[in-house]
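Residues per chain, in single letters:
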Amino acid sequence: MSRRADPKANPALRSAKGIQMDPVAPDGKATVAMVAASFALALVFMFSPLARPAAPVGALFWTLTATLAVLASVGIRRTAAIRGTGGGFYASMTAALFGFWILYFWQLLVVAAEVPRVLLPSPALIVASLWDNLSTLGGDFVQTVIKAVLIGWALGCGLGFLVAIAIDRMPFLQRGLLPIASLTSAIPLVGVAPIAVMWFGFEWPSKAAVVVLMTFFPMLVSTLAGLQASQRLERELMHSYAASYLRTLWSLRLPSAVPFMFAALKVNASLALIGAIVAEFFGSPTTGLGFRISTEALKMNMTLVWAAVVVAAVTGTTAYALLSRLERRVAFWHPSVRGRK
Amino acid sequence: MAMTSKRHGHAAALGSQGAPIAVVLALIALVWYGLAIALNAQGAIERNLADVMWTWQDLVATTWAMERPVLPAPHQVALDLWASITGWPLSSPRNLLFHTAVTAESTLVGFILGTLLGLLLSIAIVHSRTLDRALLPWIVASQSVPVLAIAPIVLVILGSIGLTGVAPKAVIAMYLCFFPVTVAMVQGLRSPQVIETEMLHTYAASPWQALWMLRLPASLPFLFPALRVGVAAGLVGAMVAELPTGAQAGLGARLLTGSYYGQTIQIWSALVMSAVLGLVLTAAMAGLEHVVLRSRRQT
Chain A
1 MSRRADPKAN PALRSAKGIQ MDPVAPDGKA TVAMVAASFA LALVFMFSPL ARPAAPVGAL
61 FWTLTATLAV LASVGIRRTA AIRGTGGGFY ASMTAALFGF WILYFWQLLV VAAEVPRVLL
121 PSPALIVASL WDNLSTLGGD FVQTVIKAVL IGWALGCGLG FLVAIAIDRM PFLQRGLLPI
181 ASLTSAIPLV GVAPIAVMWF GFEWPSKAAV VVLMTFFPML VSTLAGLQAS QRLERELMHS
241 YAASYLRTLW SLRLPSAVPF MFAALKVNAS LALIGAIVAE FFGSPTTGLG FRISTEALKM
301 NMTLVWAAVV VAAVTGTTAY ALLSRLERRV AFWHPSVRGR K
Chain B
1 MAMTSKRHGH AAALGSQGAP IAVVLALIAL VWYGLAIALN AQGAIERNLA DVMWTWQDLV
61 ATTWAMERPV LPAPHQVALD LWASITGWPL SSPRNLLFHT AVTAESTLVG FILGTLLGLL
121 LSIAIVHSRT LDRALLPWIV ASQSVPVLAI APIVLVILGS IGLTGVAPKA VIAMYLCFFP
181 VTVAMVQGLR SPQVIETEML HTYAASPWQA LWMLRLPASL PFLFPALRVG VAAGLVGAMV
241 AELPTGAQAG LGARLLTGSY YGQTIQIWSA LVMSAVLGLV LTAAMAGLEH VVLRSRRQT
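Protein chains in written order, with the working numbering: chain A, 1 to 341; chain B, 1 to 299.
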């Protein structure tokens, strides 16, 4: 509540009600020292004989684990509560710290409690499997991402864009197509995968076809919405310059559609990954991330499944980050981009 | 409110859109029938018309009535749908509605659980700066990750602790619904203006009262679009979860068995049925939104 109601402007809001459940802003240096100390303790503990797989899990182990858990949560709370200069840095540090501790306790507890690998392999095993199967996973990456996803995504988005431009001057078609295109977001389009496999075979073209179908409609709808986004005043200005249709499209309406198109490109990047991976569940050659995930899961080789999931996740976030960076470069003038840091 | 007015305009425009939509649908049907001729012609000539003299009328009639066409004609799919719905009792696995009910059940169970989880977590995030900074970035980042890829892992884990049937499918639908609901609700719960929160503060309202009287009502316009996205994602999750489980029942299983045995018409009718299910589920969410937000519409 008081996050929006700026506490500096209205200190009564913060202190009187105790709505904010977090500690009062602590000192940055003390927090960093505390976090560093807990890191050191955590490292020593992890490599001590106490946390070895063979060691019996006793009271000492649990006491130390509980202490570390308390230290970790206090560290996260204190980092989260830091305000003022460097707030953005500390905000991302909080998330990183949280991620680190999750991984740490995952590793520690899975090893200590000897959780079966099928249930939950430890992060170290997943990384090791990633390293051991680097060439296999690399081949899967090329098969799924470079071939199916990238080609399908580019074709689907390109087609959506071209169709949007083509029917821009046909309001009748737009009124007919737009409601149908919007409805497709409710439909599990990935279900066409078995048909795509029948038509285009087991290789990557069938996956790319599914991806094209999944990415086409969001791009079409967003581009059409973006082309309508320019203001009436701006359009009238172009009109008063006697600008032709193409000139207006190029100088005004396409630039103002760019943020809409990037929104669709980003959504489509993750849709395309999902589409290609799920389409491989329906039938694929003996490579591909989706194939790897489904067959190794059947063989109960879960560390490799997790490794393939890690590859897919990293691909998704990287694609998103690259597109965001590109957006900032292309649409640097747009208010939605200027507002960001 | 902008969202409500937009939707309102959409609904009003729908009346004048009847003709364009009909034209576009007719175009799609035309292209479909044309494609059916083009794609099935070769198989028809080889398999059905090899020994007889045939005219182009025969060819067209054959391509629209094949048993295992490359692309079945729309009326074949419609007839197969009708036959599989009316030809068998509802409890029979040959009835498509039986499979639809199986998929809808796991979708809805997962959807309800995921929505509740998302609601609880978003309330916690809004009230805790720690959770806001530590957890929310991960939830937002996970939207760019193909989380559906861990479905086989979930199936194996739940299978090895003895959970089969609806539970694993519902869990997958649940976590797919959970992400959009959480992100949208955090936004929605923070949407009240400073002046509104300060007014509640001058009334000495407790955080719970502020949540119940201000934040939750203010978040509803954010919640419903997320519910529509969530239920559609949950349906995909439920269908994908049906693939590796031996494919006994459900629309996803129906798609898979159809592709095993080359029953193209069966695949298409399962596909049409899943589209109908998706549309019904999202329409139900839109109807719920309509009812809940009725008092807010300004006409």
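Calculated from the structure, these hints are not laboratory results.
Keep in mind that this is a model prediction, so the values were computed, not measured.
Keep in mind that the hints are not guaranteed to be accurate.
Stated by the list, open to error - Quick look at which bits of chain A chain B covers, simulated, 3 or more residues with Cβ under 8 Å:
| hint | stretch |
| --- | --- |
| 1 | 37-48 |
| 2 | 103-114 |
| 3 | 172-179 |
| 4 | 200-209 |
| 5 | 238-245 |
| 6 | 314-322 |
| 7 | 329-338 |
All C-beta atoms, glycine included, are put in the ideal place defined by N, C-alpha and C.
Broken hints, by number: Numbers 1, 2, 4, 5, 7 - these are the hints that the structure violates, sorted from lowest upward.
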